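Visitor: Convert by adding 25 to the 1-based position in the sequence shown; the result is the number in my numbering.
Hints are computed from structural coordinates only; laboratory data are not their basis. Since this is a predicted model, take the numbers as computed values, not measurements. Careful: at least some of the hints might be erroneous.
Below are the DSSO-like pairs computed for lysine-lysine, each with C-alpha atoms no more than 30 angstroms apart in a straight line [unchecked claim]:
1) Lys211 / Lys59
2) Lys66 / Lys124
3) Lys211 / Lys234
4) Lys124 / Lys234
5) Lys66 / Lys211
6) Lys210 / Lys234
Beta-carbon label-pair distances, calculated as ranges [unchecked claim]:
7) Arg181 / Tyr143: 31 to 39 angstroms
8) Arg63 / Thr170: 34 to 42 angstroms
9) Asp141 / Leu230: 17 to 25 angstroms
10) Pro226 / Lys124: 20 to 28 angstroms
Backbone N, C-alpha and C fix where the C-beta goes; we use that ideal spot for every residue, glycine too.
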Amino acid sequence: MNFLSIFDVIGPNMIGPSSSHTAGAASIGLFVSKMFARPIKKAVFTLYGSFAQTYQGHGTDRALLGGVLGFETDDPRIRDAFTIAEERGIAYEFIADEKTATVHPNTADILLEDPDGYTLLVRGESIGGGKMQIVRINQIEVAFTGEYSTLICAQRDVPGVITHISSCLSAYNVNIAFMRLFREKKGTTAYTVIESDEWIPDEILEDIKSSPNIQDLMSVSYTHLRAHETGAYL
């Protein structure tokens, strides 16, 4: 039996009626926007299960878009996400897919595109209490929660890449809490996902990119971790 804290029961500070359908959705959108780390030209949301059935009434659409716009779960601007996206010149679309079966009923695909045509497709699940997990990046199945600072390396699945990544982390004294490799099949594109309970410095990214086998790199570090390490509040 998993331990439940009082925060799991009452849910997070949030805008909207549902921790699963609004706060969790906003958390998915926010994390994916941090993964993307580029100007957003267009966002397409495909909703499955109960998300597809109730997204307008529960504000899931505003929450997902608000997260992509960079709003936390308790940001009142989520209510005006449609207007703000239009003001920023960001096109958006919601597709309700009530036929495709998914593992979790509160599931959404987010496809982001930048002005140069670069795209990223991420699937997230809202798992209750405002929490979420990422379960697919492009067409590769993954599994991580986003509760830690997270480094996501897209790479060629060849020997030596994981050793290179680990060495770079060690050089900056970054403690690895979890490290997992996800791939479709041997020798193709794979994702190494590293989660750390410490701030991941930006400088490490350039060192990791020095390997020709690194295809893309996404990093989401949380300011409260850096504040804890430096004694500052950010």
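Visitor: Confirm or reject each hint.
Guide: Each hint tested on the structure:
no., hint, verdict
1, Lys211 / Lys59, "holds, 29 angstroms"
2, Lys66 / Lys124, "holds, 28 angstroms"
3, Lys211 / Lys234, "holds, 21 angstroms"
4, Lys124 / Lys234, "violated, 40 angstroms"
5, Lys66 / Lys211, "violated, 34 angstroms"
6, Lys210 / Lys234, "holds, 23 angstroms"
7, Arg181 / Tyr143: 31 to 39 angstroms, "violated, 19 angstroms"
8, Arg63 / Thr170: 34 to 42 angstroms, "violated, 23 angstroms"
9, Asp141 / Leu230: 17 to 25 angstroms, "holds, 20 angstroms"
10, Pro226 / Lys124: 20 to 28 angstroms, "violated, 45 angstroms"
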